[in-house]
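Chains A and B, in that order, are what the protein sequence lines are. Quick note on this note's numbering: the first sequence kicks off at 1 and runs consecutively. Quick note on this note's numbering: the second sequence kicks off at 1 and runs consecutively.
For the record, the hints were derived by calculation from the structure and aren't laboratory data. A quick note: this is a predicted structure, and the numbers were derived from the prediction, not measured. Treat each hint with caution, since some may be false.
Said to hold, decoys possible - Partner residues aside, some chain B positions facing chain A, computed with beta carbon under 8 Å:
#: 1; residue: Val50
#: 2; residue: His52
#: 3; residue: Arg253
Said to hold, decoys possible - List time: in silico DSS-like cross-link candidates among lysine-lysine, alpha-carbon distance up to 27 Å:
#: 4; chain 1: A; residue 1: Lys295; chain 2: B; residue 2: Lys102
#: 5; chain 1: B; residue 1: Lys93; chain 2: A; residue 2: Lys42
#: 6; chain 1: A; residue 1: Lys295; chain 2: A; residue 2: Lys237
#: 7; chain 1: B; residue 1: Lys250; chain 2: A; residue 2: Lys73
#: 8; chain 1: B; residue 1: Lys102; chain 2: A; residue 2: Lys237
#: 9; chain 1: B; residue 1: Lys250; chain 2: A; residue 2: Lys32
#: 10; chain 1: A; residue 1: Lys234; chain 2: B; residue 2: Lys186
Note that beta-carbon positions come from the ideal geometry of N, C-alpha and C, so glycine has one too.
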Amino acid sequence: MAEFKEVSPDAGNGEKLLNWVDNRFPLSKLYKEHLSEYYAPKNFNFFYFFGALSILVLVIQIVTGIFLVMHYKPDASLAFASVEYIMRDVPWGWLIRYMHSTGASAFFIVVYLHMFRGLIYGSYRKPRELVWIFGCAIFLCLMAEAFMGYLLPWGQMSYWGAQVIVNLFAAVPFIGPDLALLIRGDYVVGDATLNRFFSFHVIAVPLVLLGLVVAHIIALHEVGSNNPDGVEIKATKGADGHPLDGIPFHPYYTIHDILGVSVFLLVFTSIIFFAPEVGGYFLEYNNFIPADPLKTPLHIAPVWYFTPYYSMLRATTDVMINVLSIISALSAAYVVFKTSVQNKFKLVTAVGAAVLIVLLNIFDAKFWGVVVMGGAVIMLFFLPWLDHSPVKSIRYRPNWHKWLYAVFVVFFVILGYLGIQPPSEIGTLIAQVGTIYYFGFFLLMPVWTQLGEFKVVPDRVTFVPH
Amino acid sequence: MKKLLLILIASLSVLVAQESSANEDGIAWDKAPNNTNDLVSLQNGAKLFVNHCLNCHSAAYMRYNRLKDIGLTEQQIKDNLLFTTDKVGDTMKSNIDPKQAKVWFGANPPDLTVIARSRSGHKGSGADYIYTYLRTYYRDPTKATGWNNLAYPNVAMPNVLWELQGSRQPMFAKEEAHGHEAEVFKGWEQVTPGKMSTEQYDQAIGDLVSYLQWMAEPAQNTRVQVGVWVVLFLLCFTFIAWRLNAAYWKDIR
Numbered sequence: 001m002a003e004f005k006e007v008s009p010d011a012g013n014g015e016k017l018l019n020w021v022d023n024r025f026p027l028s029k030l031y032k033e034h035l036s037e038y039y040a041p042k043n044f045n046f047f048y049f050f051g052a053l054s055i056l057v058l059v060i061q062i063v064t065g066i067f068l069v070m071h072y073k074p075d076a077s078l079a080f081a082s083v084e085y086i087m088r089d090v091p092w093g094w095l096i097r098y099m100h101s102t103g104a105s106a107f108f109i110v111v112y113l114h115m116f117r118g119l120i121y122g123s124y125r126k127p128r129e130l131v132w133i134f135g136c137a138i139f140l141c142l143m144a145e146a147f148m149g150y151l152l153p154w155g156q157m158s159y160w161g162a163q164v165i166v167n168l169f170a171a172v173p174f175i176g177p178d179l180a181l182l183i184r185g186d187y188v189v190g191d192a193t194l195n196r197f198f199s200f201h202v203i204a205v206p207l208v209l210l211g212l213v214v215a216h217i218i219a220l221h222e223v224g225s226n227n228p229d230g231v232e233i234k235a236t237k238g239a240d241g242h243p244l245d246g247i248p249f250h251p252y253y254t255i256h257d258i259l260g261v262s263v264f265l266l267v268f269t270s271i272i273f274f275a276p277e278v279g280g281y282f283l284e285y286n287n288f289i290p291a292d293p294l295k296t297p298l299h300i301a302p303v304w305y306f307t308p309y310y311s312m313l314r315a316t317t318d319v320m321i322n323v324l325s326i327i328s329a330l331s332a333a334y335v336v337f338k339t340s341v342q343n344k345f346k347l348v349t350a351v352g353a354a355v356l357i358v359l360l361n362i363f364d365a366k367f368w369g370v371v372v373m374g375g376a377v378i379m380l381f382f383l384p385w386l387d388h389s390p391v392k393s394i395r396y397r398p399n400w401h402k403w404l405y406a407v408f409v410v411f412f413v414i415l416g417y418l419g420i421q422p423p424s425e426i427g428t429l430i431a432q433v434g435t436i437y438y439f440g441f442f443l444l445m446p447v448w449t450q451l452g453e454f455k456v457v458p459d460r461v462t463f464v465p466h
Numbered sequence: 001m002k003k004l005l006l007i008l009i010a011s012l013s014v015l016v017a018q019e020s021s022a023n024e025d026g027i028a029w030d031k032a033p034n035n036t037n038d039l040v041s042l043q044n045g046a047k048l049f050v051n052h053c054l055n056c057h058s059a060a061y062m063r064y065n066r067l068k069d070i071g072l073t074e075q076q077i078k079d080n081l082l083f084t085t086d087k088v089g090d091t092m093k094s095n096i097d098p099k100q101a102k103v104w105f106g107a108n109p110p111d112l113t114v115i116a117r118s119r120s121g122h123k124g125s126g127a128d129y130i131y132t133y134l135r136t137y138y139r140d141p142t143k144a145t146g147w148n149n150l151a152y153p154n155v156a157m158p159n160v161l162w163e164l165q166g167s168r169q170p171m172f173a174k175e176e177a178h179g180h181e182a183e184v185f186k187g188w189e190q191v192t193p194g195k196m197s198t199e200q201y202d203q204a205i206g207d208l209v210s211y212l213q214w215m216a217e218p219a220q221n222t223r224v225q226v227g228v229w230v231v232l233f234l235l236c237f238t239f240i241a242w243r244l245n246a247a248y249w250k251d252i253r
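Go ahead and model the full structure; you've got the sequences and the hints to work with.
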């Protein structure tokens, strides 16, 4: 325990109060550790705005959410009307609601860019594995939060989107139907579902989310931020013991982030005030029709931020199962005949592949679609151990690595686009190629990230004064 | 990095170019006039709505006194637009019994409060759809109501505005397209005249659709007005934040 500190009797009242608090709560210590003496690399670029922005959006969602709950009614017969009541009769209710609906999409935009930043600069590599894992958990929570929140307006898309996704769980072998029943609380999506989703959306998931965000930041401040060069700034310290390439987070990055925040708010408010539906992507047109369990819409698509993964689900057809079986067989054959690993490992690979191929063909393709969709997200957790590149940042990797990342991004966007569209033959084929690329990109990382001519990583960060 | 972004943009443009025109029922939609800022037009639309639509359709989330936003006084609303039993703070409920409606038309007349928002699609806005729909009724003796519609084939609703529009017949011509013959819509033939000329009727429907569009989101004009100030403020704020940032960062070498 810290010693009890005294201030001189002629100190100002502010100083006395701070001292009183500091003797009971580490206020100054926290301020120093996380702001004024948290040294961040000075070479942050555009992509480094999105961490702070995701906190901003989180706060917007929580605050607007609190006000929405004051007027919203989680009841299947009242929910739709209560949202329209918020839009019409609650003073400034439309603004609060649009902030919340736009915030949901904005959250995914900033988080996807934040994750992409981590991906290209190797921010998940040692010693930041836990920062990355907490972040992936946040992403999972965010998906659950968005999915359950989308049911609440009780429009046609809310209803049928939930129906489709919950039915996916029914495809799980053996326990599926019971699992789906447990999630819905009824045999179809209904009032019971709305009530439990409301409960999860407003308290259970946000609670976990906030805890994870705190863990994410504590872990980050323990190891220090990465930067676009992937250079450890703590390796080069000055006489004062602070990293030579580091600058105090406050005031430099707080001021910097205010600039980022104001540009972000320009875009965010432009959407809220001038195009809150964003052409049916942020607020789907069909969702202005009250939920009708008897009328299935012609085309059910999740909101845009889920569509890359939804595409992967739809891409998993019987043909895809055959392709996956062949890929498993060929990979196992390669390991067994062309590599020089231990025989025990070869045996395990061969048996594993055989079992996988049998399972692939026993269970329904729909179930494997769910596995593919879930696996695409879960795989991100393992990224720190998949990447074996000798350098962290994309800047010092071979040029063809950059192309692999570029194609990855292009496929991710295409998958997202295809997920919005009604299924088509050519679309499914492209989605299958995209899905295989997505998985190949990650699963083959232990191999390809080591290949090629790497550039020399400098000792110090590269920085161009503003 | 710039290269990545360029590739991204290029790939997106390819996607947009490939966007298939999913074939929905009905003809292409006409562009509806947007008069949601024109109070005279909105008031005329409100009158048409109350007199012709509200008998069967509700607007159950819309309060009568919200019409003050389009320049009507409470007294005007009470005198001209209210059913005798309603109060000015009530929502617009129709008097039709849903069960009877189901028997009469085979479908429940949908609530119209947010109909203009819900009907948007790749063919145009919801207003475009309603504008087209209300102007493309024709006599069809094979239907129970005696009416059919080009924008919504086999619709359950009869042409309640026929007195204004008169009755019309669409003209088709056979045209060769994509290797097979197809019937192509070629315009209208007026069979019996209505109380309004085609131009007057189009204008009346334009007013009604503007009203429906306004009613779907009564805050929309306020929203845009507030938005202009918010964006102007943020532009100033961004400028200050930019200079502040430059002032702080000039020492970092």
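task: Grab the minimum C-beta distance from Val50 of chain B to chain A and call the hint holds if it beats 8 Å, violated otherwise.
output: With a closest approach of 18 Å, the Val50 of chain B hint is violated.
message: Please verify whether Lys295 of chain A and Lys102 of chain B have alpha carbons no more than 27 Å apart.
response: It holds: about 15 Å lies between the C-alpha atoms, which stays within 27 Å.
- prompt: Would the pair Lys234 of chain A and Lys186 of chain B pass a check requiring their Cα atoms to be no farther apart than 27 Å?
  reply: Roughly 76 Å between the alpha carbons, so the hint for Lys234 of chain A and Lys186 of chain B is violated.
query: Holds or violated: Lys250 of chain B with Lys32 of chain A, Cα cutoff 27 Å?
result: Within the cut-off at roughly 23 Å; holds.
message: Against the 27 Å threshold, does the CA-CA distance of Lys102 of chain B and Lys237 of chain A hold or violate the hint?
response: Outside the cut-off at roughly 79 Å; violated.
- prompt: Quick one, is the Arg253 of chain B hint okay against chain A at 8 Å, beta carbons?
  reply: OK, holds: Arg253 of chain B within 8 Å of chain A, min 5 Å.
- prompt: Against chain A, is His52 of chain B within 8 Å by beta-carbon distance?
  reply: Since chain A brings no Cβ nearer than about 22 Å to His52 of chain B, farther than 8 Å, the hint is violated.
- prompt: Does the alpha-carbon distance linking Lys250 of chain B and Lys73 of chain A stay inside the 27 Å limit?
  reply: With a Cα-Cα distance of about 53 Å, the restraint between Lys250 of chain B and Lys73 of chain A is violated, given a limit of 27 Å.
- request: Measure nothing beyond the straight line between the CA atoms of Lys295 of chain A and Lys237 of chain A; if it is 27 Å or shorter, mark the hint as holding.
  value: The hint is violated at about 66 Å.
Given pair status - Lys42 of chain A, Lys93 of chain B, alpha carbons within 27 Å: Not OK: Lys93 of chain B and Lys42 of chain A at ~63 Å, beyond 27 Å, violated.
Going through the hint list in order, the structure does not satisfy hints 1, 2, 5, 6, 7, 8, 10.
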